[in-house]
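**Student:** Take a look at the letters that make up each chain.
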Amino acid sequence: MVYKISYVITGGQYPGAIVNREAPPQLGEIVELGEKRFEVIEIADLIPPQGDFAFLHVTLQPIEEA
Amino acid sequence: MAERDDLLLPSELFVGLPEEKIRQIAAIGHLATFNTGDVIIEEKEPSNDLYIIQRGLVEVLVSSGVVPDVHGPPEPTPVVQLGRGQVFGEMGLVDQGARSATVRCLQDHTAILVVPREAFWRLCEADHQIGYVVMRNIARDLSFKLRHRNLRMLMET
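Going down the list, the protein sequences come from chains A and B.
Residues in the first sequence are numbered consecutively from 1, following my numbering.
Residues in the second sequence are numbered consecutively from 67, following my numbering.
For the record, the hints were derived by calculation from the structure and aren't laboratory data.
Using N, Cα and C, we set each Cβ at its ideal position, and we do this for glycine too.
Among these hints, one or two may not hold up.
Examples of chain A residues toward chain B, derived with CB under 10 Å [to be verified]:
#1 Ser-6
#2 Ala-17
#3 Pro-24
#4 Gln-26
#5 Glu-35
#6 Gly-51
#7 Asp-52
Derived lysine to aspartate or glutamate pairs resembling DMTMM-like cross-links, with alpha carbons at most 20 Å apart [as the list claims (entries may be wrong)]:
#8 B/Lys-87 <-> A/Glu-22
#9 A/Lys-36 <-> B/Glu-222
#10 A/Lys-36 <-> A/Glu-65
#11 A/Lys-36 <-> B/Asp-174
#12 A/Lys-36 <-> B/Glu-184
Computed footprint of chain B on chain A; a stretch qualifies when at least three of its residues, placed anywhere within it, have a C-beta under 8 Å from a C-beta of chain B [to be verified]:
#13 36–50
#14 55–64
Whenever a hint applies, use it, and build me the whole structure from the sequences.
**Tutor:** Right under this line is the structure:
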């Protein structure tokens, strides 16, 4: 299965992203977009699956780097 | 050729097409590599090609006034990042209008399959199964992008 994901990021500072990945997202997972790191805080189906593709919405929260 | 097939098979754009027809599409494109900061397409320029990201990351930027309902400063502003398997340039493929956005590379060695519009249209005309399936998938991709934008706007309010 390929997971097409709409990443939306809290706070409005980052534009979000659309990517394909082979593994399903998990709550608490750390996602890297470019040079930035984010935590997955919400996962939802966006539209029904088609063929080998699942379409998901994921909300991310920026990680404050030390 | 094998690398192009690897690219096309996991792309949603070709869901529903048998492998031999995906190979036909791969055969009319070419792979291009970009590095961080490279501008791949620029808004307001004529549109000629469809782009499918094989690996890497790009960002889509728009300027205020180019897209009527997108507000912001006059300089290009990032609205979304696109990663592996994603498509851009599809609006120009469908409506032949000028580029609605600038797309800039965010990672070195980003590889993109570039499919010329005219050759792609000829293929669609010659094989209506390819034309129907790809246009249906482009419509779903545009719908997905609209949903993404709606959710992003909700997050910002």
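**Student:** If a hint holds in the structure, say so; if it doesn't, say that too.
**Tutor:** Against the structure, the hints come out as follows:
| no. | hint | result |
| --- | --- | --- |
| 1 | Ser-6 | holds, 4 Å |
| 2 | Ala-17 | holds, 4 Å |
| 3 | Pro-24 | violated, 15 Å |
| 4 | Gln-26 | violated, 18 Å |
| 5 | Glu-35 | holds, 9 Å |
| 6 | Gly-51 | holds, 4 Å |
| 7 | Asp-52 | holds, 7 Å |
| 8 | B/Lys-87 <-> A/Glu-22 | violated, 23 Å |
| 9 | A/Lys-36 <-> B/Glu-222 | holds, 19 Å |
| 10 | A/Lys-36 <-> A/Glu-65 | holds, 9 Å |
| 11 | A/Lys-36 <-> B/Asp-174 | holds, 16 Å |
| 12 | A/Lys-36 <-> B/Glu-184 | violated, 38 Å |
| 13 | 36–50 | holds (count 3) |
| 14 | 55–64 | holds (count 3) |
The structure fails hints 3, 4, 8, 12 (numbered hints given earlier, in ascending order).
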